[in-house]
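Enquirer: Here is how the chains run, residue by residue.
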Amino acid sequence: MTETERQQQLDTAELVAETAGPAPVTGELPPNNPVHADGETRSQWLDVWRQFRSHTGAMVALVLFLGVILFVTIGPLIWTIDPTYVDIRARNSGFTAAHPLGTDQLGRDLLARLMSGGRVSIAVGLTAMTLAITLGSFIGVMSGYFRRLDAPLMRMTELFLALPLLPLLLLMVTLFREPLSQTFGPAMGIFLLIVTAIGATSWMQSARIVRGEVLGLKEREFILAAKSIGTPPRRMILRHILPNVLSPIMVAATLGIATAIITESALSFLGLGFPPDFPTWGRLLFDAVDQMVLYPWRVILPGLFISLTVLCVNYIGDGLRDAMDPRIRGR
Amino acid sequence: MLNFTIRRTLLAIPTLLFISLVIFLLLEASPGDPLGDVPLTVPPEVKERMREALGLGQAWYIRYVLWLKQFFWVEPLHWFDQVFGTSYSAGMQRVISFQSRSPVFDVIAQRVPQTLTVVGMSYVIGVLIAIPIGIISAYKQYSWFDQLGTFVSMVGFSMPTFFTGVVLIIIFGVKLQWFPSIYDTTHVVRDWPSFLVQVKQMVMPVTVLALYNAAQISRFMRASMLDNLNQDYVRTARAKGLSEKTVVLKHVLRNSLIPVVTVIALGLPAVFGGAIITEQVFKVNGLGQLLISAIHANDIPMVLTLTFIFAILIVAFTLIADIVYGLLDPRIRYD
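Chains as they are written, first to last, in our numbering: chain V, 30 to 360; chain R, 133 to 467.
These aren't lab readings, by the way, just hints derived from the structure by calculation. Bear in mind the structure is a predicted one, so any value in this text is a computation, not a measurement. Every residue gets a Cβ at the ideal spot worked out from N, C-alpha and C, and that includes glycine. One or more of the hints may lead you astray.
Selected chain R positions facing chain V (in silico; Cβ < 10 Å) [stated by the list, open to error]:
1. 150
2. 296
3. 308
4. 312
5. 373
6. 377
7. 378
8. 409
9. 423
10. 424
11. 427
12. 428
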């Protein structure tokens, strides 16, 4: 049976169940241990996945994104040249067998640098997004659930939204890079700094979205029911509220990865990101700009990787949003 | 409405004060020293005097209040004097840049025209491209034009401006040599040929920013049009026998523009922030470039003032967006 046929059958079954009159009154109670209809249950996530698969753009993007992830994780195991190894005699080489994507002005292999740079860029994107989403959902849930916290937390969110973010990010990164790289080492210090800076300045949107959803949920009957049996707020939030606001959070998270990757590469491009011997895609682009007249590929390749990754992530976010909220499909 | 406007304006004041305090404290917490470049041969007592001359001797709250006074009282007075030829601000200290020892606002005033021509132009062009695209792709939903528009706008806001800028430079500046890759800010427009030169050097930075803005605004325009196209009043208008052109361009467009106008207003300050990167790519010496060089030189008054001006822009345009929304859409009641 094909997927669509099964879907149609399930739909008809649902329709029949809905439209059929109430079940005839029988003498016996339903069994204590309800028997499931032979394995054909529809879980929410399976439904989402089914919807997601019908979004062609998102599926292509997912495959490409997985490809990029494999490229930066498995790639260095296959292409074992050290990205920081300086081979000055092979500098500025073109596309050769020894260096498929050429080398830079110090003879470092560009393919290896793209792999390790991508690893850092994607790691920054994922970590900063996790931070922003955790902070945003926490503030959103708190402000939506507890009426007393609502006004102060939303005032704070508005204040943060009014901050000029890019100038402040530049400021934070320039001012604190020295002390942090002394404490945690140059690579780790800058990583922590950039991730915290991006996370701390991009949680506001998700906080607002989550608050709106929570406010809507609070009016629903199952929340009232849970409250009436005396569920304490902590379990209320963890068991009833959070699972129901998961879909907007996931969409915001996907789009958050894209923003974080772009912000990190913008900082690197302005020369305020990671140190020079620590490649990221933005940094590779920045280093290559000086010689873009002679070696345009060195600029275009990292730029393409940034754009491709961000494009994929945006498409996945789009597909997720459509899959999770069928009402807005096609918008 | 008037009540709402007054209340929001009053509320903006503490917001701005808080933001200025945040920026000030961030700069205060920084380990950077504006006297870091002074040679070690300068004796410590001289260095102490230099520090005092820069106004760094006092506690931070005194300096903060002093800066507030300079920003909100001395500078407006100074401009007032300039305009009306009075001398109220005589003998008052203006905000002085550590780098150039000249008033911060004079430097900013020199840089504003460059940023405004490039950024302003690109935003206007971006909006002009975005609105027709949004209308057509909503009216012909799922047509090839719509699919293409969706894809292009996705690509448009996935490509960072520094990458599109560099690619444009490589193609049109280096390979084809159509446009100069560096923006010459000393260029003066006097006659027709010099105007053409100005247009030529503006093409690339404006294109980069315009494409980026158009990508986002056209999405909003499309969504807003789609919302309206299914409404009852559209069916009524069609049933009355109005031409399709009147229905779409008069009835639907006017209503769809309401949320888009606020999006345009809200996006404007962000464009100034984004211009920091584009200015760096094309070497436009506008506000963004000024900010970056000031950050590198530890020029605290300049950084503080510039960042605060960005904050004022954001708060002001949020306010404008709210008010315009209320004016355009009578259903929105704020009280």
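Enquirer: What hint numbers does the structure not satisfy?
Expert: Violated: hints 3, 4, 5, 6, 7.
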